[in-house]
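Chemist: Chains as they are written, first to last, in the numbering used here: chain A, 209 to 748; chain B, 55 to 372; chain C, 35 to 345.
Each computed DMTMM-like pair below joins lysine to aspartate or glutamate, with the alpha-carbon atoms no more than 25 Å apart:
no., chain 1, residue 1, chain 2, residue 2
1, A, K651, A, D675
2, C, K108, A, D291
3, A, K651, B, D149
4, C, K108, A, D332
With the Cβ distance kept under 10 Å, some of the chain B side facing chain C (calculated, not the full set):
no., residue
5, T189
6, V190
7, G310
8, A343
9, V348
These aren't lab readings, by the way, just hints derived from the structure by calculation.
Computed from a prediction, not measured in an experiment: that's the story for all the values here.
Cβ atoms here follow ideal geometry from the backbone N, Cα and C, with glycine treated the same way.
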Amino acid sequence: MRMLKATAVALLLQTALMGTVYAQALNGNPMSDVRVRQAIAYAIDKDTIIATVLGGYAVRADGLLPNGPFKSPNLDPYPFNPDKARELLKQAGWDSSRTLEMVFYYDDQVTANLMTVLQAELADVGITMNYHLLVGDVAKTLNSIPDDPKGKSVVTWDLGYGARAAIAMQEYFNDYATGKASADGFPGSPELDGLIADSNSSTDPEVTKKALMSIDEYINKNALTIPLYYQQLYAVESNRLNRNGEPHGNDQFNYDWNIQNWTVEPDADGKKVMYTNAAPVDYFEEPWVNLGLWAGNKMIWAHMLSAKPFMDGVAEGDLADTYKVSDDGKTVTFTMRDGTTWQDGEPITTDDVVWSLETALKVPTLHGVLANTFNSIEGAADFVAGTAPHISGISVDGKTITIKFAKVDPNVLLSFTQWGPLPKKYFEGVDPTLLQQAPFWQKPVGSGPFMVEEAKFGDFTSFVPFDGYWKGKAKIDQIIAWASGDGDANMVKNAAAHRIDFAITKAVNDLETLKTLDFMKLTPLDIPYTRMIWINQYDK
Amino acid sequence: MLTYIIRRILIIVPMAVAVSFLIYLGLDLTPGDAVSHMLDPTRTVDPEKLAELRHALGLDSPLIVRYWIWLTGVLQGHFGYTLTGGVPISSLLVDRLPATLELSGTALILSTILGSILGTISALRRGSATDNVLTVVGMIGVSIPEFFFGLVAIVVFALNLNWLPVGGRLLPSYDSYWDHIPNLIMPALVLSIMMTAGVMRYARSSMLDALSREFIKTARSKGLPEWRVNLLHGFRVALTPVIVLVGFRLPILIGGSVIVEQVFQWPGLGNLFVSAVRNKDLPVVMTIALLSVVLVLTVSLIIDVLTAVIDPRVRLGA
Amino acid sequence: MALIDIVSRRSRLDRQFDQLRRLEEAGALRAAGGSRFVRKFLNNRLAVIGLTVFTVILLMSIFAPLLTPWDPTKINLRAIAQPPSPEHWFGTDKTGRDVFARVLYGGRISILVGLGSALVSAAIGVIIGCYCGYVGGRLDTIAMRVSEAIMAFPEIILVLMLVSIVGQSLFNIMAIFILGGWCGIYRLVRAQMLSLREEEYVLALRSFGLNRGLISFKHMLPNALGPVMVNITLSTAAFILAEAGLSFLGLGVPLSMPTWGNILNVAQDLAVLQNNWWLWLPVGIFISLFVLSVNFIGDGLRDASDPTQQG
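The shape of chain A in the complex, shown without the other chains (with noise of 0.2 Å):
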């Protein structure tokens, strides 16, 4: 309905301006003409930065989409090439005199590099820019937007640079909706939404993908956001880890680990340690936020499903012993397995991942695929404005839980393999909003193959196997995680000293000292990261 509504009204503005590429500016902020946006990425030479500043740990990225099945051939890589750069500035009538602000929230060397080429870069072709690393309130500096698509400019910036991570490929564009609040500066266009909405809706992969490439090819031909480069992530082994022929994935998220299979050489006293970082630093995360980023979380953790190793379909069941989903994609079946106890011995019920559901629903740092999913089911509208006491899409008989969906969602395996539910009994009370402060945190209790012995906040957090685990107990004694948050600064001094077994990295130059250790290795992994610049283009 709300988005009914918000493409209604992105129509009524701007009937008047139907078509596609508008070579003028669409309002007073010089960056909603098309010309000067190409001219910025005309004037960005990506694949010296990628060579040089990036050390060669990057590769080009032309779209959002990721290069694979998914990557359109009918992309404009606008080449560097500062003349045409200029020229199109000169069309545009560019102000020189203006000052462009860009922002940008990694705190990292190498990014401070990456800003100032790109602002001799563009300096170059005329334009002036000035740069400053967001501090304190990150999320709301970048994605303000006004209420109304036509309205001013709420912040101040004009190009962000940042990164997309996703898990489904809808993440990438569902933002650039009209009245989306997020960073992408797009106040939106009705064929861009028709599109959006397309992408979403159908349970057939193929025209899914087809949408998806006509949107990356719609925000290239008008060049809404700029793609730079996508960031591979690195797996970080030491050679005393083995793991055994379980394959590497996405580690931003949730796969099928199997890290009871893993091994380490003993230490002296003949145990089997392993050391890893990205242990909490104050508190666990409650699990549904960030699907997969916190090590500890995925320890701890058991889902429904277990997702195949780059998020490419379900590899088997995981609580869930069984699942259908009936054609037209609108029912989802699960039964429960049989004999799985959470980390206090008590069973997994039913009752609990029902419980879990509804809670999820009303926790709203949910994440997005999760909350598409869950928002689809049938009664859930009902439930959260808390007309009815329950969920009505949800059945349970038995061990079997039936889902109904009341529209379809491609991505609703996906989010049952990032998805699990918590142990309802120590929630007695917990309002659902504020289910991340809940003495809880301090120690879950989990369904995965390690749990909590000890967590010292902001030191680190001793793990040890969880016996009743259904895949079987972990072969590794003890796993240490140093406390660090995404992007340890300490990874690489701690790795030189033999204090890391396992790891993931995106940072470039942790990866050139991480190089030069010859007892570590280094796993480049492909997903789908791509980093880029938003332009603002609200008007100002």
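Fit chains B and C to the known structure of chain A by using the hints.
Modeler: Just chains B and C, lined up with the frame of chain A:
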């Protein structure tokens, strides 16, 4: 004496309250709040849900109300909860305060001992090569950026020589408290070397001052051996100002190790403060800032009182 | 015998006095004497070295364009992370900028932050301190309370909190340093004024009917300037180091501006620390040398202005 102390307290308490309000006001003026920090900047969330969350966290009531609730809580010993994780701040303090006290306390003690000894030597050998070398070395010690010093120490002692761990505080497999001493050595030494020069300079001038006093000359004229004169008479007199100096440096216990904690991944209050400032976790920033202010004010009260006890003129003057 | 002795001794003394008188009349004695303060300062070898290094680095920064042909912001992606060469004295950084040029130009901003903040806070402190110390009154009470509130914070806690409130910019960083820095000098000057107020020469001036402003600023202030100058040097050193520390925490002068702190910040990267010494060692030496020279100057000033220490 009692009236003097009471008078001092009557000045300090309103001061602490005023300062706490200023902190609260200042932080309230900055854009954004904890809610937007709980979210990954690469994703977006429904604004209505955010409003709900803000309401549940009490972030939408007027400033003065929030301030009052917080202040009355603190007076009853409730520091509140962190906004991002809902962890009781008192439990965070219990975790982090010992780490910081351990680090900066060690550095404070080391630098005081080292500084006093070197300062005394310097004074006794005034003008000699030793004195000049000590002065120059001390100066160099305070002229190198702290983090730079720490990083180079890590490369040399942890990565190249492999003598000491790169950072962190507790090891998971420690059997006794003393097992983590290797982790303490480098940060504590770096911090105390930065702090030694100040003590040394102060001890040197106090010693020089003491040595020029009449009673030293008297002791010397009595024919006492020179070492006895210096040690028993000179050093004792010079020590009093050093104790005062230590007192004035006590606030370093909270504020002094912020950068060293970052360099060595030391999970102390300084680390907590920096991340709280970045996350706009208002209650945490408030608590640590207020804690440090109260510490400074208390220490200055104690020093004032001690000085008044030693020198009655202060009392009359104040 | 004895008489001759006395005569000869007298005559020698006489000769000496005659000599002195000649010198005095020729004006040579005054020239040799100069200011006792300057003489004492110049006798302090470290202080002179400090002053020399300080001046050299300051002039190098000011006249940077004459010393290097390179533009500190000009990138060259075809020559990144080059070791020092005759062309690039300190090599190039990871975007191909000339490190020597960056260090020189960075000095401009770092010295501006350090010396500028110290001088402004000293000026504020002296003016308020002078007025409050001599005149007192309501302003004195307010200034005293405000300075007490500011000084109740450990320095770094105050600075970090203010940075998070007002945000990062060159102006803001300097404003924060000044806000935290004026109190010390204010209190120092105020205390000096309070004790000088009772001196007889001040009473005499007052009885001549000179106005209070003239007495306090022209006749009393010069007697309090020694400690103020010492304080300025120490603040300069502290502010330059604080700028570097803030850069390390990612809360300093924006990265787009070369400052010594921002240049040195690359040392956080272990690879750079181990492989590209020219990216951090020269600038590390520049900061340390400059701060050291300022500290030596401060030390010299302290000794020179301290009457209990002989020149």
